[in-house]
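Novice: Take a look at the letters that make up each chain.
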Amino acid sequence: MSRMTMIEAIRSAMDVSMGRDDNVVVYGEDVGFFGGVFRCTHGLQQKYGVNRCFDAPISELGIVGTAVGMAAYGLRPCVEIQFADYMYPAYDQIVSEAARLRYRSAGDFTCPIVIRMPTGGGIFGGQTHSQSPEALFTHVSGLKTVVPSNPYDAKGLLIAAIEDPDPVIFLEPKRLYNGPFDGHHDRPVTPWSKHELGEVPDGHFALPLGKAAIRRAGSACTIVTYGTMVHVAEAVAQESGIDAEVIDLRTLVPLDLETIVASVSKTGRCMVLHEATLTSGFGAELAALVQEHCFYHLEAPVVRVAGWDTPYPHAQEWAYFPGPDRVGRALAELMESR
Amino acid sequence: MTSNTVPHDAALHDAPLRFHVPEPASRPGGQPDFSNVVIPEAGSVRKPPVDVAPDEIRDLAYSIIRVLDSEGKAVGPWAPDLSNEDLITGLRNMMTLRSFDARMQMAQRQGKTSFYMQHTGEEAVSSAFRIALSPGDMNFPTYRQAGLLIAGGYPLVDMMCQIYSNERDPLKGRQLPIMYSSREHGFFSISGNLTTQFVQAVGWAMASAIKGDTKIAAAWVGDGATAEPDFHAALVFASTYKAPVVLNVVNNQWAISTFQGIARGNSGTFAARGLGFGIPALRVDGNDYLAVYAVAQWAIERARRNLGPTLVEYVTYRAGAHSTSDDPSAYRPKAESDGWPLGDPLMRLKDHLIAIGAWSQERHTQTEAEILATVIAAQKEAESFGTLHSGGKPSDRDIFEGVYAEMPPHLRRQRQQIGV
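If you're matching them up, the sequences are chains L and U in order.
Residue numbering for the first sequence follows numbering that gives the first Met the number 0, beginning at 0 and increasing consecutively.
Residue numbering for the second sequence follows numbering that gives the first Met the number 0, beginning at 0 and increasing consecutively.
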């Protein structure tokens, strides 16, 4: 075991995977010599050579399209899109090609690729470095979508994603790269070295895609969330004294419905929380599933807390981000609601 | 059963394929090496008439048009007709941009804003191009063409208020610093996503032609971002519809950590990208204010005379970091900037002005101080309206305004939730 930041854990996952399987190749913009603008691939080119880790031209379409072709050959590309916000030129290759290749060729060709992308806000990145586009992927049949919330999970889930036989979208909450973030932006930053989930196995280990984790056991209500918001939810539960159970989904598709249903059936109250915009967000899917499966256990309507339905602003970042105040107020209302 | 397979050369067939990844000439710890940048003598490249057939000037896509020679003289057929006063204005604009950059870079380091991008070494490109445009023409810029605004007389205070995201920010705090927008100054709203503007410029130019207008468009992109599909779509549409647009590629050698060879591949130059589309392509010394102006004027005239698009590659060098989030010492030799063979655009124009007797070191020093004072005064004024983390701020209301022309009910409800 070693203390790792989320960046180091992600790098370690790729390192371990490249060491075990010659078919794993890693590329993207600034990914080769420099090791990525967030340094997630630092040292991999030096260790595995330019055939296995290299710089790509600035073309997300090209990066994903070539990854589909490599996967058709039999490689396992793990590519980086520099920011999730830059993913759109690749969207046709993701939606129409990667996601459907197995289905349309009846398994003749498959697409075991991983597309990593930093996601989410909290770094004053403005509207083109802050988006959370997970719902654009969960809506597409054939894709798996993963959002880790800590170094331990990031490594285990990324190794599982690389070994998965189907295309996986791996969204890395960039505000969590160097430490857990509970939404209190005015307080000192805490590093991963002080967090138990910053302790990560050095070698190979995989976490199953489709298994949620309960970060905080509780009996008063359930907060279903993922990524950065896991830490916000934990902080709010701690500070409000409301005994909330916090579920970290870890993967959105496939979804661990059982864990959600068991929790909400127990608590009778549910908040769905994400940083992405509200309308048609993944929270809508979660809320629908909760009412389908837990209707007779619910003591209050399911409440959604999410980013506002606007582009992510620069100056007003903290009025946009669903931080502890907004989550805390909504949680108090959820407890009073009947 | 017969086979359709042609008998193959066994030796060739069995030879393993090799994967090719281009490498820059040197890396940190190495010596700067620009031996791959072949630089013709100033004045040596011919100047064709603007209605030349594209296939007659294919060689110009592989050369470099230069006007200022090593002694600071303007030589050859491309030497433009600019008065001393025009040239001094050009120098002042570039000096203002450099001074502005230095102050804003420092402001970012002081925590007054989140982010900044400097133009160091590339000041001539946007500053000279802007002078060749006419009122009403529209630029579709990237994040490194603020010279278009400064040379166009856009107020420094407004630029700074945008950078500070303060209460006077014309963009209401919504955009990252330096992502300016000014229709009035012929400056299309900057996107943080690369190359999207390049094809939009072609569309703007097509619209101008559809309406029988007289205005032309200028598209801007960096070397690295030419790899995006938008660039290729822009060339197709510009070629097909003979759009009145100048397609500018600013080749500053580096796309963050990635050297230009990764985007260029084996095509030799970025200008050569235009040839397959039948678009006349010129390559110009981007650190030569006079050459940039002359080439811009030539391309703009072609557009205005219904001769269609021109692709221009500006050969320059990004002397500074990509942005305040970048450290180039991790991927290129520390002294690489000093080895850049096309020099510093400010110094070259200054030397030229001195060589023709229109300028002196004394006037230069005096002007430098005067410009710094102007920039500092603008900064002081801008800061009186707030900086990113202190003083006047845009309203949280502004998060919800402007998503649509008219605010739909669901946004109104969300706005009410934060009580603004």
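For the record, the hints were derived by calculation from the structure and aren't laboratory data.
Treat the hints with care, since some could be wrong.
[Said to hold, decoys possible] Per the computed footprint, the stretches of chain U lying under chain L, defined by three or more beta-carbons under 8 Å from a beta-carbon of chain L, are:
1. 337–349
2. 373–382
[Unchecked claim] Some chain U residues close to chain L (C-beta under 10 Å, calculated; not the full set):
3. P21
4. I87
5. T88
6. R91
7. L170
8. G172
9. G221
10. G223
11. G264
12. S324
13. L352
14. I353
15. I355
16. W358
17. R362
[What the hints assert, rightly or not] Derived Cβ-Cβ restraints for the label pairs, each shown as a range:
18. L:P253 / U:G391: 56 to 62 Å
19. U:M406 / L:H296: 53 to 59 Å
20. U:H7 / L:S192: 36 to 42 Å
21. L:K193 / U:Q365: 54 to 60 Å
22. U:K333 / L:G202: 51 to 57 Å
By construction, the Cβ of each residue, glycine as well, lies at the ideal position given by its N, Cα and C atoms.
Novice: Does each hint fit the structure? Answer for all of them.
Specialist: Quick rundown of the hints versus the structure:
Remark: the region 337–349 of chain U is not confirmed as covered by chain L, as 0 of its residues place a Cβ nearer than 8 Å to a Cβ of that chain, below the required three. A count of 0 residues in the region 373–382 of chain U with a Cβ less than 8 Å from any Cβ of chain L is obtained; the coverage claim is therefore unmet, three being the minimum. A cut of 10 Å between beta carbons decides the hint on U:P21: the least distance to chain L is about 9 Å, and the hint holds. Taking 10 Å as the C-beta contact cut-off toward chain L, the hint placing U:I87 at the interface is violated, the least distance being around 37 Å.
Interface restraint check: U:T88 against chain L, minimum CB-CB distance 33 Å, threshold 10 Å, status violated. Hint on U:R91 is violated. Least Cβ distance to chain L is approximately 31 Å, over the 10 Å limit. For U:L170, the interface hint holds, since its Cβ comes within 10 Å of a Cβ in chain L; the closest pair sits about 9 Å apart. A distance limit of 10 Å between C-beta atoms decides the matter here; for U:G172 the minimum to chain L is near 3 Å, and the interface restraint holds.
Interface restraint check: U:G221 against chain L, minimum CB-CB distance 9 Å, threshold 10 Å, status holds. Taking 10 Å as the C-beta cut-off, the interface hint given for U:G223 holds, the closest approach to chain L being about 5 Å. Because the closest C-beta pair between U:G264 and chain L is about 8 Å apart, less than 10 Å, the hint holds. The beta carbon of U:S324 comes within 7 Å of a beta carbon in chain L, closer than 10 Å, and the hint placing it at the interface holds.
At about 37 Å, the closest approach between the beta carbon of U:L352 and any beta carbon in chain L exceeds 10 Å, and the interface hint on this residue is violated. Restraint check, U:I353 versus chain L: the minimum CB separation of about 40 Å is more than 10 Å; hint violated. Because the smallest distance between the Cβ of U:I355 and any Cβ of chain L comes to about 41 Å, over 10 Å, the interface hint for this residue is violated. A hinted interface residue such as U:W358 counts as satisfied when its beta carbon comes closer than 10 Å to some beta carbon of chain L; here the least separation is about 40 Å, so the hint is violated.
With its C-beta approaching chain L no nearer than about 40 Å, U:R362 sits outside the 10 Å limit, and its interface hint is violated. Restraint check, L:P253 to U:G391: a C-beta distance of roughly 49 Å breaks the suggested window 56 to 62 Å. Look at U:M406 against L:H296: about 37 Å separates their beta carbons, and that is not inside 53 to 59 Å. Between U:H7 and L:S192, the C-beta spacing of about 59 Å breaks the proposed range 36 to 42 Å.
In this structure the hint that L:K193 and U:Q365 lie 54 to 60 Å apart at CB holds, the actual value being about 56 Å. Between U:K333 and L:G202, the C-beta spacing of about 38 Å breaks the proposed range 51 to 57 Å.
Violated hints, listed in ascending order, are 1, 2, 4, 5, 6, 13, 14, 15, 16, 17, 18, 19, 20 and 22; each of the other numbered hints is respected by the structure.
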